[in-house]
Amino acid sequence: MSAAVQYVQFVLAPQMLVGLVLGVAVILVALGLTIIFGLLDVINMAHGEFYALGAFIALALSTVGLPFWLLLVLVPLLMLPIGYVVERGLIQRVFHTGERHVTTLLLTFGLGLVLEDSYRLVFGPNPHRPDMPLTGGVDLFGVFLPTYRLFLILIGAAIIAAVAFIVYRTRLGAMVRAAAFDRNMAASLGVPVQHVYAGAFAFGIALAGLAGVLLAPLYSVFPTMGRDFILMAFTVVIVGGMGSIGGAVVAGLALTQVQAIVSLYISPVWSDPVVFGIMVAMLMVRPQGLFGRLGHG
Amino acid sequence: MADSLTRAKQASHVLTAVLVVAGLIYAAVGAAMGDIFYLRLATEALIFGGLALSVDILLGYTGLLSLGQALYFGLGAYLSALVLMVVPSFWAAMAATAAASALLGLIGGIIANRVRGVYFALITFGMAQVAAKVVYNLRELGASDGLVGVPIVRINLGVFSISSGTPAAFFLFVLTFIVVLYAISAYLLDTPFGRLLIAVRANERRVPFLGYRTVTARLTAFVLAAMIAALSGALYPMLRGFVSPELLFFSTSGNAVITVVTGGTGTLVGALYGSVLLTVLRSIIGSYTEHHVIVIGLLFMGAVIFLPRGLMGVVRPAVERGLGKETGP
Chain A
1 MSAAVQYVQF
11 VLAPQMLVGL
21 VLGVAVILVA
31 LGLTIIFGLL
41 DVINMAHGEF
51 YALGAFIALA
61 LSTVGLPFWL
71 LLVLVPLLML
81 PIGYVVERGL
91 IQRVFHTGER
101 HVTTLLLTFG
111 LGLVLEDSYR
121 LVFGPNPHRP
131 DMPLTGGVDL
141 FGVFLPTYRL
151 FLILIGAAII
161 AAVAFIVYRT
171 RLGAMVRAAA
181 FDRNMAASLG
191 VPVQHVYAGA
201 FAFGIALAGL
211 AGVLLAPLYS
221 VFPTMGRDFI
231 LMAFTVVIVG
241 GMGSIGGAVV
251 AGLALTQVQA
261 IVSLYISPVW
271 SDPVVFGIMV
281 AMLMVRPQGL
291 FGRLGHG
Chain B
1 MADSLTRAKQ
11 ASHVLTAVLV
21 VAGLIYAAVG
31 AAMGDIFYLR
41 LATEALIFGG
51 LALSVDILLG
61 YTGLLSLGQA
71 LYFGLGAYLS
81 ALVLMVVPSF
91 WAAMAATAAA
101 SALLGLIGGI
111 IANRVRGVYF
121 ALITFGMAQV
131 AAKVVYNLRE
141 LGASDGLVGV
151 PIVRINLGVF
161 SISSGTPAAF
171 FLFVLTFIVV
181 LYAISAYLLD
191 TPFGRLLIAV
201 RANERRVPFL
211 GYRTVTARLT
221 AFVLAAMIAA
231 LSGALYPMLR
241 GFVSPELLFF
251 STSGNAVITV
261 VTGGTGTLVG
271 ALYGSVLLTV
281 LRSIIGSYTE
291 HHVIVIGLLF
301 MGAVIFLPRG
311 LMGVVRPAVE
321 RGLGKETGP
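For the record, the sequence lines run as chains A and B.
Here the first sequence stands for residues 1 to 297, where the numbers follow my numbering.
Here the second sequence stands for residues 1 to 329, where the numbers follow my numbering.
Derived from the structure by calculation, the hints contain no laboratory data.
Heads up, a few of these hints could be off.
Said to hold, decoys possible - Ranges of calculated distance between the beta carbons of each label pair, as one might list FRET restraints: (1) A/Arg-93 to B/Ala-318: 45 to 51 Å; (2) B/Ile-305 to A/Met-284: 45 to 51 Å; (3) B/Ala-183 to A/His-195: 50 to 56 Å; (4) A/Ala-174 to B/Arg-206: 22 to 28 Å; (5) A/Ala-174 to B/Gly-324: 37 to 43 Å; (6) A/Thr-97 to B/Val-21: 24 to 30 Å; (7) B/Tyr-38 to A/Leu-172: 14 to 20 Å; (8) A/Met-185 to B/Gly-211: 34 to 40 Å; (9) B/Arg-114 to A/His-195: 36 to 42 Å; (10) A/Asp-139 to B/Leu-106: 42 to 48 Å; (11) A/Thr-224 to B/Gly-165: 33 to 39 Å; (12) A/Thr-135 to B/Leu-298: 23 to 29 Å; (13) B/Val-86 to A/Leu-140: 54 to 60 Å; (14) A/Tyr-265 to B/Ser-251: 43 to 49 Å.
Claimed, not checked - Chain B residues, not near chain A, derived (Cβ > 12 Å throughout): (15) Tyr-38; (16) Leu-59; (17) Gly-63; (18) Gly-117; (19) Phe-125; (20) Leu-138; (21) Arg-195; (22) Gly-211; (23) Leu-299.
Note that CB positions come from ideal geometry on N, CA and C, so glycine has one too.
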């Protein structure tokens, strides 16, 4: 009996908590991705590089002496104009071509390559590890959890709730959902569709940047940091349903738990094939994902 | 009476002939100067050109963007390496690759063709990721190190034989091989089957009303692309003597897409020119800075925005006009 309790306390529960922290982290990145897809129909292949951009801006500003807590607010605000300009300057240029899905995907793919190599040029290829803003740990029913990870889970939950509130409960969110549902109808009812598109893209980018700042102390900052992470975020968005915020949350939590359990019982190296296998199976059986799209209920 | 598609095809053939002539001169100069490095580099460019060709069959003709063509390229490379390490026979390696890629292309095609558009891109991407991670973790396939020590192979061509260890001869062989792959693709896409693919790309919903099955057409295109990618990949271990899991990674698929878009989507020959162009650019820029990806990436973005038909979109119409003058109105 006590052996079973100890197993849960020292093996299973910590593993699941690590999975939970990763889950919250992935959801933060996936939220921006799913909003951009749900509204603009754009697969943002550069999303991982915008996540890295947030981390690098924070890194650069922290060397000037700005504290972490200020950066947490400042970096997303700095990302907003960047996202707005990228949408108006690049994505809008190919948005009206016939094969919009393909061209926007290719364009953001190229942008991601350029950004990633730029980080290598400016910051070098080696990882930088910012100081933990919170040290120490807490005892959670006998399971040790570092304070910063607890903070991450809590602020992550708050951010997800705030995003869901903005999208589903405010006038601004209603305009976004209206534009996603029927662009022309929304435009004729006075919704400034062009600005809504650019604004939503900027909002998604800002969320990625915020995730970058939050996760930098845990996962380090390096040029290819977005690449590994974005695969997981894509999987979450696909399984959850492209454009669904609730879907991203459910899929994010479930898939990272699957990953944690597979790592524990099979081998950590097999967690990726299993998760990607789930993604392929989901695309085969139910390509629209678990939940509906943004603006479609 | 030649219609625009036929004339475009003829222009592609002329451009391929130009490429072959350039290749012959290159091989002669390279052999005369006793060069190894640049001949090997050009051979590699052609092999990756074959991969890009397979992407173009899907993207340019059927309108399906594959982000996982490295799956079949890597399949060919690994299978060819495995066969060559047991029996050093070129034709055995090619036969095994053709059979395996036809089968796995059919399976992959059945999976991927369940979905359209952006979901097709994501499902091919996902399948390649699964395969890449599995190969990366399988100790039997050398895990992260890949397979090393693939022997030099003598390619028996009946009257004479070519060693993969002779740079100039192997370059000429690969040039021939890739041009044959191009010719087969161009021929198949010029049959009614090819016109059907173009129709699927233009308006998939309408095609069934004209009495054709779109599923079969899409599946055939997928299998054809898988086989071309795998047969190109099978040449890789003969050139380099090893295979590594990087061949299956997304960067390989991504580079093939960049090659096609820069070279000219839907022209077939654009894939080969794109591969040569990008290899030249990489080595020129690479001699100045290690950050050649920035330049290639910007070039690619520029092509997507300003030149949706790529390099061939500029060059080929000029060739077509030249052809038109020759044959008269």
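Going through the hints against the structure:
At about 26 Å, the CB distance of A/Arg-93 to B/Ala-318 disagrees with the hint of 45 to 51 Å. As the Cβ distance of B/Ile-305 to A/Met-284 is approximately 34 Å, the hint placing it in 45 to 51 Å is violated. Look at B/Ala-183 against A/His-195: about 52 Å separates their beta carbons, and that is inside 50 to 56 Å. Taking the beta carbon of each, A/Ala-174 and B/Arg-206 are about 37 Å apart, not inside 22 to 28 Å as hinted.
Between A/Ala-174 and B/Gly-324 the beta carbons are some 56 Å apart, a value that contradicts the proposed interval 37 to 43 Å. A beta carbon spacing of about 35 Å between A/Thr-97 and B/Val-21 contradicts the range 24 to 30 Å that was offered as a hint. The hint said 14 to 20 Å for the Cβ distance between B/Tyr-38 and A/Leu-172, and at roughly 58 Å that hint is violated. Checking the proposed 34 to 40 Å range against A/Met-185 and B/Gly-211 shows it holds: the Cβ atoms sit about 37 Å from each other.
For B/Arg-114 and A/His-195, the Cβ-Cβ distance of about 37 Å falls inside the hinted range of 36 to 42 Å, so the restraint holds. Separation of A/Asp-139 from B/Leu-106 is about 56 Å and departs from the stated range, judged on CB atoms against 42 to 48 Å. In this structure the hint that A/Thr-224 and B/Gly-165 lie 33 to 39 Å apart at CB holds, the actual value being about 36 Å. Evaluation of the 23 to 29 Å hint for A/Thr-135 and B/Leu-298 yields a failure: the beta carbon distance comes to about 43 Å.
Range check, B/Val-86 to A/Leu-140: Cβ separation about 56 Å, and the 54 to 60 Å hint holds. Hint check: A/Tyr-265 to B/Ser-251, Cβ distance near 31 Å, so the stated range 43 to 49 Å is violated. The claim that B/Tyr-38 is not at the interface with chain A holds, since no C-beta of that chain comes within 12 Å of its own (minimum 25 Å). With a cut of 12 Å on Cβ distances, B/Leu-59 falls inside the contact zone with chain A, its closest approach being about 7 Å.
Residue placement check: B/Gly-63 does not keep its beta carbon more than 12 Å from all beta carbons of chain A (closest about 7 Å). At roughly 5 Å from the closest C-beta of chain A, the C-beta of B/Gly-117 falls inside 12 Å, breaking its exclusion from the interface. At roughly 8 Å from the closest C-beta of chain A, the C-beta of B/Phe-125 falls inside 12 Å, breaking its exclusion from the interface. At roughly 10 Å from the closest C-beta of chain A, the C-beta of B/Leu-138 falls inside 12 Å, breaking its exclusion from the interface.
With 12 Å as the threshold on Cβ separation, the claim that B/Arg-195 sits away from chain A holds: the shortest Cβ distance comes to roughly 19 Å. Separation of B/Gly-211 from chain A is adequate, the least Cβ-Cβ distance of about 25 Å exceeding the 12 Å criterion. Not every Cβ of chain A is farther than 12 Å from the Cβ of B/Leu-299; the closest lies at roughly 8 Å, contradicting the non-interface assignment.
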